Amino acid sequence: MQRRGLGFYLLAVFFALYVVFLYGPMIGIYILSFQGPDGGLTFPMNGVSLVWFEKLFAGGGIVDIGAAFRRSLALGAVVMLLTVVISVSAGLAFRKRFAGSGLLFYVAIASLIVPSIITSLGIGLEFRLIDDLVKSHGPDWLAADHTTWMGLFTSGLGAHLTWTLPFGLLIMFAIFNRFNPSYEEAARDLGATPWQTLRFVVLPIILPSVIGIGLFGFTLSWDEIARSSQAIGEVNTLPLELQGLTTTVTKPDIYALGTTVSAISFAAILTALTIIRLLRR
Amino acid sequence: MTRLKLNTVQQRLSAGAISRLQALPMAFVFAFFFILPLVLVVIVSFWDYNEYEMIPAFSGRGYTDTFEGCAAQLPELCTILKTYAKTVKLCAVTWALTLLIGFTVAYFLAFHVKSRMWQITLSLLCTIPFLTSNVIRMIAWIPMLGRNGLVNQGLQATGITHAPVEWLLFSEFSVVLALVHLFSFFMIVPIFNSMMRIERALIEAAYDSGATGWQTLRHVIIPLSKPGIVIGSIFVITIVMGDFITVGVMGGQQIASAGKIIEVRLNALQFPAAAANAVILLTVTLMIIAGLQRLVDIRKEL
Numbered sequence: 052m053q054r055r056g057l058g059f060y061l062l063a064v065f066f067a068l069y070v071v072f073l074y075g076p077m078i079g080i081y082i083l084s085f086q087g088p089d090g091g092l093t094f095p096m097n098g099v100s101l102v103w104f105e106k107l108f109a110g111g112g113i114v115d116i117g118a119a120f121r122r123s124l125a126l127g128a129v130v131m132l133l134t135v136v137i138s139v140s141a142g143l144a145f146r147k148r149f150a151g152s153g154l155l156f157y158v159a160i161a162s163l164i165v166p167s168i169i170t171s172l173g174i175g176l177e178f179r180l181i182d183d184l185v186k187s188h189g190p191d192w193l194a195a196d197h198t199t200w201m202g203l204f205t206s207g208l209g210a211h212l213t214w215t216l217p218f219g220l221l222i223m224f225a226i227f228n229r230f231n232p233s234y235e236e237a238a239r240d241l242g243a244t245p246w247q248t249l250r251f252v253v254l255p256i257i258l259p260s261v262i263g264i265g266l267f268g269f270t271l272s273w274d275e276i277a278r279s280s281q282a283i284g285e286v287n288t289l290p291l292e293l294q295g296l297t298t299t300v301t302k303p304d305i306y307a308l309g310t311t312v313s314a315i316s317f318a319a320i321l322t323a324l325t326i327i328r329l330l331r332r
Numbered sequence: 671m672t673r674l675k676l677n678t679v680q681q682r683l684s685a686g687a688i689s690r691l692q693a694l695p696m697a698f699v700f701a702f703f704f705i706l707p708l709v710l711v712v713i714v715s716f717w718d719y720n721e722y723e724m725i726p727a728f729s730g731r732g733y734t735d736t737f738e739g740c741a742a743q744l745p746e747l748c749t750i751l752k753t754y755a756k757t758v759k760l761c762a763v764t765w766a767l768t769l770l771i772g773f774t775v776a777y778f779l780a781f782h783v784k785s786r787m788w789q790i791t792l793s794l795l796c797t798i799p800f801l802t803s804n805v806i807r808m809i810a811w812i813p814m815l816g817r818n819g820l821v822n823q824g825l826q827a828t829g830i831t832h833a834p835v836e837w838l839l840f841s842e843f844s845v846v847l848a849l850v851h852l853f854s855f856f857m858i859v860p861i862f863n864s865m866m867r868i869e870r871a872l873i874e875a876a877y878d879s880g881a882t883g884w885q886t887l888r889h890v891i892i893p894l895s896k897p898g899i900v901i902g903s904i905f906v907i908t909i910v911m912g913d914f915i916t917v918g919v920m921g922g923q924q925i926a927s928a929g930k931i932i933e934v935r936l937n938a939l940q941f942p943a944a945a946a947n948a949v950i951l952l953t954v955t956l957m958i959i960a961g962l963q964r965l966v967d968i969r970k971e972l
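Protein chains in written order, with the numbering used here: chain A, 52 to 332; chain B, 671 to 972.
Each hint should be verified, as a subset may be incorrect.
A few chain B positions that, by computed beta-carbon distances, are all more than 10 Å from chain A [as the list claims (entries may be wrong)]:
1) 730
2) 762
3) 835
4) 841
5) 843
6) 865
7) 888
8) 894
9) 957
10) 961
Distance windows between CB atoms, simulated [stated by the list, open to error]:
11) B/686 x A/61: 50 to 60 Å
12) B/794 x A/199: 40 to 50 Å
13) B/833 x A/58: 40 to 50 Å
FYI, nobody ran anything at the bench for these hints, they're computed from the structure. Being a predicted model, the structure only gives us computed values, none of them experimental. Note that beta-carbon positions come from the ideal geometry of N, C-alpha and C, so glycine has one too.
All chains should be modelled from the sequences, with the hints used to inform the complete structure.
This is the structure:
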């Protein structure tokens with residue numbers, strides 16, 4: 052073992068402080084969400100209870116949390132599934148040069164770095180214009196009682212995918228950069244069809260990382276606000292409700308909601324990590 | 671022989687077709703939910719509007735309204751220019767801090783943590799918060815920085831101040847703090863990635879030639895980490911330039927920013943004005959990226 056210098060210890064302290072900076076405040080509100088009934092928004096704790104969680108789930112209190120919760124969960128699941136399928140498929144495509152591959156790559160990167168509010172505004176406008184077009188020029192059976200196609204699983208889903216797919220694609224690049232093609236060649240030499248090679252050789256090898264893509268897909272969607280803001284339609288997702296509450300709520304129920312939302316994120320992370328570990332065995 | 675060649679050619683052709691087919695779903699999503707919306711933003715920014723709807727007729731009103739009175743007010747900055755100046759300032763401070771933190775953390779992980787297992791564990795530790803809700807990570811500062819928060823309690827208990835410090839929360843300070851808290855991850859990952867690609871022999875060579883740790887950092891590691899630094903900078907700068915949520919929540923909805931102007935126009939249903947502001951923001955952001963891109967060829971680095 053190499054001798055560790057002063058530099059190592061200074062950097063280790065810096066890193067530890069950074070981790071405290073990252074986690075400290077979050078842990079603070081998880082603790083505060085268990086305040087007693089007379090507790091406020093700050094320390095010290097005023098008793099310990101589950102009263103703020105009860106209030107939250109009893110509904111009627113702040114907003115219809117239950118409905119927003121189910122909407123976000125459903126949307127997150129669909130985004131996760133589509134992110135995995137579309138990213139893996141595109142990742143396989145990018146292993147060979149094809150017409151337009153450079154363009155598609157740059158568009159994916161652009162989608163990541165164009166400010167979210169602009170993408171969201173654009174999708175919102177797109178659906179508004181489509182709705183106007185349907186109302187004015189659509190066939191009667193459609194135009195008569197058309198209101199809008201903007202919604203959770205149309206514009207909202209698209210908005211989330213513009214955020215999750217670039218991450219999925221970048222992870223796929225990372226996977227195939229380290230992928231050893233001799234396994235595939237061996238399969239091919241043994242007479243496997245391209246489909247068999249993919250199904251029985253490539254996919255099992257990349258599966259742990261693909262779970263990682265799914266994790267990104269779900270958690271990024273579960274917490275998404277900026278892109279949803281103009282493109283989600285009538286109903287709100289859970290993070291949007293939460294953002295709305297920041298200006299009005301002065302009781303720890305907002306912390307209880309925060310703790311619940313985080314619990315789902317942590318459950319997703321833990322599930323993914325467990326599956327990855329099991330697969331690596 | 672010829673037959674064999676023909677077969678390979680056929681295989682290649684169909685392979686290209688298969689690739690295109692595999693990339694099609696992603697291409698479709700980006701075409702319909704990203705490219706077309708951007709084109710519409712540009713088009714609508716040149717439309718007219720009244721109190722409650724947009725009117726599809728050419729007009730520069732979205733832009734002229736935005737810059738109304740700017741020329742007359744000079745040298746005093748008008749609202750929009752002031753807002754952009756403030757956004758750029760927030761952006762610069764956040765960028766400097768995330769770069770400092772991101773580089774140091776990445777450097778520690780890449781060069782001082784030797785065991786692969788620890789490297790993975792510690793990187794994971796940095797990644798997990800990124801996968802949890804941004805709003806919650808913002809609210810989390812309230813019990814710390816509020817009037818009766820931990821920081822004020824501490825300051826008063828130790829006698830450093832006698833009254834609560836008011837500028838800790840809902841101020842530019844808290845906005846920058848939250849931005850650094852939320853987005854330093856975007857700096858750490860690319861820099862770490864660049865550092866992991868540095869040939870370890872180069873560092874050994876520097877040491878063997880008598881370079882001090884500091885000289886090695888300055889002349890070997892920093893230049894070779896430049897691609898990561900530039901990519902991380904692009905992420906952080908574009909996120910902060912377009913941010914309206916962090917500035918809103920952590921600024922107590924009192925601080926203006928380039929992203930916030932768009933939100934305000936949208937809430938007033940002035941879509942062409944919002945679109946014009948989006949085009950301005952996009953132009954400014956792209957100019958910054960173009961400037962940064964001169965420093966590095968992104969295509970080579972990913």
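Going through the hints against the structure:
1. With a closest Cβ-Cβ approach of about 18 Å to chain A, residue 730 of chain B is found to remain outside the 10 Å limit, as its non-interface label requires.
2. Every CB of chain A is more than 10 Å from the CB of residue 762 of chain B (nearest about 17 Å), matching its label as outside the interface.
3. The claim that residue 835 of chain B is not at the interface with chain A holds, since no C-beta of that chain comes within 10 Å of its own (minimum 14 Å).
4. Distance check for residue 841 of chain B against chain A: the nearest CB is about 16 Å away, which clears 10 Å, and the non-interface claim stands.
5. Every CB of chain A lies more than 10 Å from the CB of residue 843 of chain B, the least distance being 15 Å, so the non-interface label holds.
6. Chain A leaves residue 865 of chain B outside its interface by the beta-carbon criterion, the shortest separation being 13 Å against a cut-off of 10 Å.
7. Non-interface call for residue 888 of chain B relative to chain A: holds, since the shortest CB-CB distance, roughly 14 Å, exceeds 10 Å.
8. Under the 10 Å C-beta cut-off, the non-interface status given to residue 894 of chain B relative to chain A holds; the minimum distance is some 18 Å.
9. Distance to chain A confirms residue 957 of chain B as a non-interface residue, since its nearest Cβ pair spans about 13 Å, more than 10 Å.
10. At the 10 Å boundary, the C-beta of residue 961 of chain B stays outside the reach of chain A, the nearest C-beta of that chain being 14 Å off.
11. A hinted range of 50 to 60 Å holds for the C-beta pair residue 686 of chain B and residue 61 of chain A, which are about 53 Å apart.
12. The hinted window of 40 to 50 Å between residue 794 of chain B and residue 199 of chain A holds, with their beta carbons roughly 42 Å apart.
13. Our hint of 40 to 50 Å for residue 833 of chain B and residue 58 of chain A holds, since their Cβ atoms are close to 41 Å apart.
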